[in-house]
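J.: Chains A and B, in that order, give the protein sequences.
Under my numbering, the first residue of the first sequence is numbered 1, with each subsequent residue one higher.
Under my numbering, the first residue of the second sequence is numbered 1001, with each subsequent residue one higher.
For the record, the hints were derived by calculation from the structure and aren't laboratory data.
For glycine and all other residues, C-beta sits at the position ideal for the given N, C-alpha and C.
Heads up, a few of these hints could be off.
[What the hints assert, rightly or not] Using C-beta positions, here's what the derived DEER-type ranges look like:
(1) G272/A with R1241/B: 23 to 33 Å
(2) T180/A with A1320/B: 56 to 66 Å
(3) A75/A with L1341/B: 55 to 65 Å
(4) R174/A with A1320/B: 45 to 55 Å
(5) L1341/B with T169/A: 37 to 47 Å
(6) A75/A with L1285/B: 30 to 40 Å
One-letter residues, chain by chain:
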Amino acid sequence: MDNAFDWTFFSEVLVGGLLAGVMYSLVAIGFVLIYKTSGVFNFAQGSMVLFAALTFVSLTERGLSFGAALAVTAAAMAVLGIVVENAVLRPLVNRPPVTLFMATLGLSYIIEGGAQLLWGAQVHALELGIQDTPLEVSGMLISKFDLIAAGISAGMVAVLSLFFRYTRTGLAFRAVADDTFAALAVGLRLPRIRTAVWIAAGLVSLVAGLLWGSRLGVQFSLSLVVLKALPVLVLGGFDSVPGVIVGGLLIGAFEKLAEVYLGPYVGGGIEGWFAYAIALLFLLIRPAGLFGGRTLERV
Amino acid sequence: MSAPSLSKSNLPRWLAPLILLGIAYGVVPFAGGSYLFEAILTPFLILSLAGVGLNLLTGYAGQLSLGSAAFMAVGAFGAFNFNLRIQGLPIPVSIVLAGVSAALLGVAFGLPSLRLKGFYLAISTLAAQFFVQWVLTKFGWFSNNSPSGVIDAPALQVLGIHFDGPVGRYLFALTVVVVLTALVARLVKTRTGHQFIAVRDHELAARVIGVPVFRTKLLAAAISSFIIGVAGALWAFAYLRTVEVAGFNLDRSFQIVFLIIIGGLASIRGAFFGAALIVVFPLLLSRLGAFLLGGVFNSGVLEMSQHIFLGALIIAFLIAEPKGLVALWDRLTARAAALFLSQTRKANTDIVP
């Protein structure tokens, strides 16, 4: 029975990958929110994740309770969103998308440098009180932390969907994303909506920061989760929330499977680029991504 | 007789570059200490060259690349391996072959631009960044199975002339940079250069007037990667004197993007202006910080404040001066010239009423 394919092990790897993928989607959702409503490809999302996690953990280390630290950090993220929208993006309105992207690249340097200047660059451990014990489900060992993290992410997606469907602000978001000029014509206040989107993205990055931070430790490398989210976005489409969920699941699963089954043949360490390779191959077949809207081109 | 005019248009266009060359070859080598050459001038020249290369792709042809450092790494390791494995190959030939390897890779990762635009291409170049770093660290062949992964660069010697010491390496880098920059300056004025700009400004319109869009994009990627590859070879051979992957990371790629934004997109001088600022500004900041804050300003604080200042600078330039330092410089010199001109006119009319 030595040569028999170990299906239990395979499904264990697969489930682990899917759960990790949900964590990727969590970061990617922040992108989608901003891209959908303002067309800004926000490279600073990763540094916002770092900023949120670092602020939260530093506050708890200074004796604040979990709830108080969460509230203060959420407020800080909201202020950050307001400042970014007003000081950086409003002066750049109507400029080419690549210019806006470069501005967020500069922004990510500012936020990441500022966060570490403020709170120090050392590694902090972040304890959310979730035991990372393996859970046995029909023969497979699954990390309890991963399950809870995936649950929180799923809850977050559900809350966002309800928000988009049933609240005035959510409807305004969708209106702006659908047709900016029409939204302006019916009297929606664009600057206010864009500020609200940045605040929402800040809160999403707070959740992502807590989950990723307790997984990796809170340090500079946390801002690099943005690089994990990019292939997910490419695969799912930049403007689709369901897309990045499916994209995250696919990338997570393929990445883990490749790491386990393909990695040993090429010396390992392929997780840095493998997700990009999948995303790019897929793009060649379908440039708009899985769920992305087809862009029309007119002269 | 009309009043003597000092406006720029009356001076031959080649005069300013010629004077600069005269200073760079005739004055600078005798002027400074080794610190000036090793820490400032040589890296400045090489980063400028990388900037010129990226500007061709991003500034002129409008294709954003976030993987410049990967192409620099290919250039550095390519030059090292050609030099190591082909006996008696002259250094310049190794460097040219290294540039060609980088160009081939550039075409390979530019191929997705057949179907992708904007951010998607940026992501393809990001993939190049991670993939190249992985290949060069994972496969020992590229670093000649050196256990530390850090290898000494060969001595710079061309036709029996040794480019030793800080000044020699500066002159070597200077010569390569001058030759390639002159070629690029010519290229952007040719039909091909205009096709780059046409593709950047309106891809569909370019296609309509008969520009072979896909071929133009690939050509831009190839030439740009060639230049960046040569810059990488110089970085290893003339600046660091070692060949290692670590220096060619994502931060280096961003640095090169930043320097063309700050210096000026679609401008050859822009790359030099931007590189000068990128090289000098950390040194200034560390002096200034140490002076103002003393011991509190340690290396960690320095690094973070560098990031903050650099980010702020990018955003400030994008908002207030999208054409970069070059536009700022041109405006200032034009204003100074106008001021000077009106002064001399005034002086002339005072004498001869």
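J.: 37 to 47 Å was suggested as the range; check whether the CB atoms of L1341/B and T169/A agree with it.
T.: Violated, at about 59 Å.
J.: Tell me if the beta carbons of T180/A and A1320/B are separated by a distance inside 56 to 66 Å.
T.: Because 25 Å falls outside the window, the suggested range is violated.
J.: Given a hinted range of 45 to 55 Å, is it respected by the beta-carbon distance of R174/A and A1320/B?
T.: violated (34 Å)
J.: Note whether the CB distance of G272/A and R1241/B lies within 23 to 33 Å or breaks it.
T.: holds (28 Å)
J.: Taking the Cβ atom of A75/A and the Cβ atom of L1341/B, is their distance within the range 55 to 65 Å?
T.: holds (57 Å)
J.: Using the Cβ atoms, figure out if A75/A sits within 30 to 40 Å of L1285/B.
T.: Because 31 Å falls inside the window, the suggested range holds.
This entry does not satisfy hints 2, 4, 5, going by the numbered hints stated previously.
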